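Please construct the entire structure, taking both the sequences and the accompanying hints into account.
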Amino acid sequence: MRTWHDLQQLDAERPWLLDCGLALGIASAAMLSAGTAATPLQLGLIVAISAGYALRRRAPLPVLVVSGALVATMIALGYTTAVIGAGLFLAAYTVAAHRPLRTTLIGAGYCLTVLVAIAAAFPERMPWEGFGTNVALFVGAFTLGRAGQLHRRTARLEAERAELASWKQQEETRHAVTQERLRIARELHDVVGHSLGVIALQAGVCARIVDSDPAEARSGLLAIAERSRSSLREVRHILSAIRETDEPDCPAPGLADTHTLFSGFSDAGLRLEVERLGEPWPLPTALDHTAYRVVQEALTNVVRHAGTDRAWVRIRFEPDRLELRIRDHGVGAAGPEAAGLAGMRERVGAWGGRLTAGPIEGGGYEVVAMLPRDGDDR
69 MRTWHDLQQL DAERPWLLDC GLALGIASAA MLSAGTAATP LQLGLIVAIS
119 AGYALRRRAP LPVLVVSGAL VATMIALGYT TAVIGAGLFL AAYTVAAHRP
169 LRTTLIGAGY CLTVLVAIAA AFPERMPWEG FGTNVALFVG AFTLGRAGQL
219 HRRTARLEAE RAELASWKQQ EETRHAVTQE RLRIARELHD VVGHSLGVIA
269 LQAGVCARIV DSDPAEARSG LLAIAERSRS SLREVRHILS AIRETDEPDC
319 PAPGLADTHT LFSGFSDAGL RLEVERLGEP WPLPTALDHT AYRVVQEALT
369 NVVRHAGTDR AWVRIRFEPD RLELRIRDHG VGAAGPEAAG LAGMRERVGA
419 WGGRLTAGPI EGGGYEVVAM LPRDGDDR
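Each residue of the sequence shown is one higher than the one before, counting from 69 in my numbering.
Since the hints were derived computationally from the structure, they do not count as laboratory data.
Keep in mind that this is a model prediction, so the values were computed, not measured.
Misleading hints may appear alongside valid ones.
[Said to hold, decoys possible] Ranges of calculated distance between the beta carbons of each label pair, as one might list FRET restraints:
| id | residue 1 | residue 2 | range |
| --- | --- | --- | --- |
| 1 | E294 | A233 | 51 to 61 angstroms |
| 2 | R422 | P168 | 36 to 46 angstroms |
| 3 | A410 | D279 | 33 to 43 angstroms |
| 4 | K236 | A268 | 21 to 31 angstroms |
| 5 | L250 | D279 | 23 to 33 angstroms |
| 6 | A268 | E386 | 33 to 43 angstroms |
| 7 | A268 | L345 | 25 to 35 angstroms |
| 8 | T328 | P282 | 57 to 67 angstroms |
| 9 | D377 | T424 | 17 to 27 angstroms |
| 10 | E294 | P387 | 30 to 40 angstroms |
The C-beta atom is built at its ideal place from N, Cα and C for all residues, glycine as well.
Quick look at the structure:
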């Protein structure tokens, strides 16, 4: 098996070497078949025909045509062609194996013409029984050659298909990894950004009242400690997806948890007016979590950038969509769209929803998110 594999590799790397060896072998066998009675002309024809076989893969059809003419000449001169003529079947196979169908049909037509001419001109050298045998052999050679070409083409297409499938799988894996990184980055941004914003606000309040109202300052510091522990738990929960630990997953927060969220902001000094409208309908867990994060990020931006201690939140369930509206009466946006707002757009867009954000008339800033009930409002 190893020897056959080595021959295949050698044939792929140096096809001319095996073709030359084949031509030399045919020439030697033909000369031995001719014996000592061979004339110089016969030997010359044998050498010429055999030399052509060495070029069978470089120029298959010319080799078939020239070799066929020379073999017909040997038959006309009365020389034996039992060995040298057998090489024509190999030449016919090569034409069919390495050239288009049109060239193969031309080669087949040429071989049939030569056989008919020989059978008609020299019936004693090629009786009609021999003619039928040669026709069958040529048909077999052309058929095998064509089948070999189709097999190689199929194998090449299968290899290309496998390569494309592998490339597609790699791209899908890379895309999945990228999406997961973005998801984790958004989660960390939402959790850490929100917590640090609230902690900074509470710390500022405590610093102002630490001398005048130590008890209230102490209460604020305890709230900061609790907020820090809560945020640390959320960060650990997010990072557990990366570590793939066996710890049970904590449920992702949703709109039902916004009372805790609002309480945290209120403790930090942000006065909130919350309005809930419509008959709530069941939210998919991921969509519920998206709604929670939108509210959280919008309020965090109020704390960071608005320069106000008041905000208004409206959560309205409509028959076909969920509307989230967060408004403040502060100084408006702090500058170009930040990563938090971009993350909200990505979250909402993933559900086929829309998010708008910008200054409002009379001062302040408003974030509005529309999340379709069926997850596809486009």
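For each hint, the structure was consulted:
no. : hint                            : in the structure
1   : E294 - A233: 51 to 61 angstroms : holds, 52 angstroms
2   : R422 - P168: 36 to 46 angstroms : violated, 57 angstroms
3   : A410 - D279: 33 to 43 angstroms : holds, 41 angstroms
4   : K236 - A268: 21 to 31 angstroms : violated, 47 angstroms
5   : L250 - D279: 23 to 33 angstroms : violated, 46 angstroms
6   : A268 - E386: 33 to 43 angstroms : holds, 36 angstroms
7   : A268 - L345: 25 to 35 angstroms : holds, 32 angstroms
8   : T328 - P282: 57 to 67 angstroms : violated, 27 angstroms
9   : D377 - T424: 17 to 27 angstroms : holds, 25 angstroms
10  : E294 - P387: 30 to 40 angstroms : holds, 39 angstroms
In summary, the structure is inconsistent with hints 2, 4, 5 and 8 from the numbered list given earlier, while agreeing with the others.
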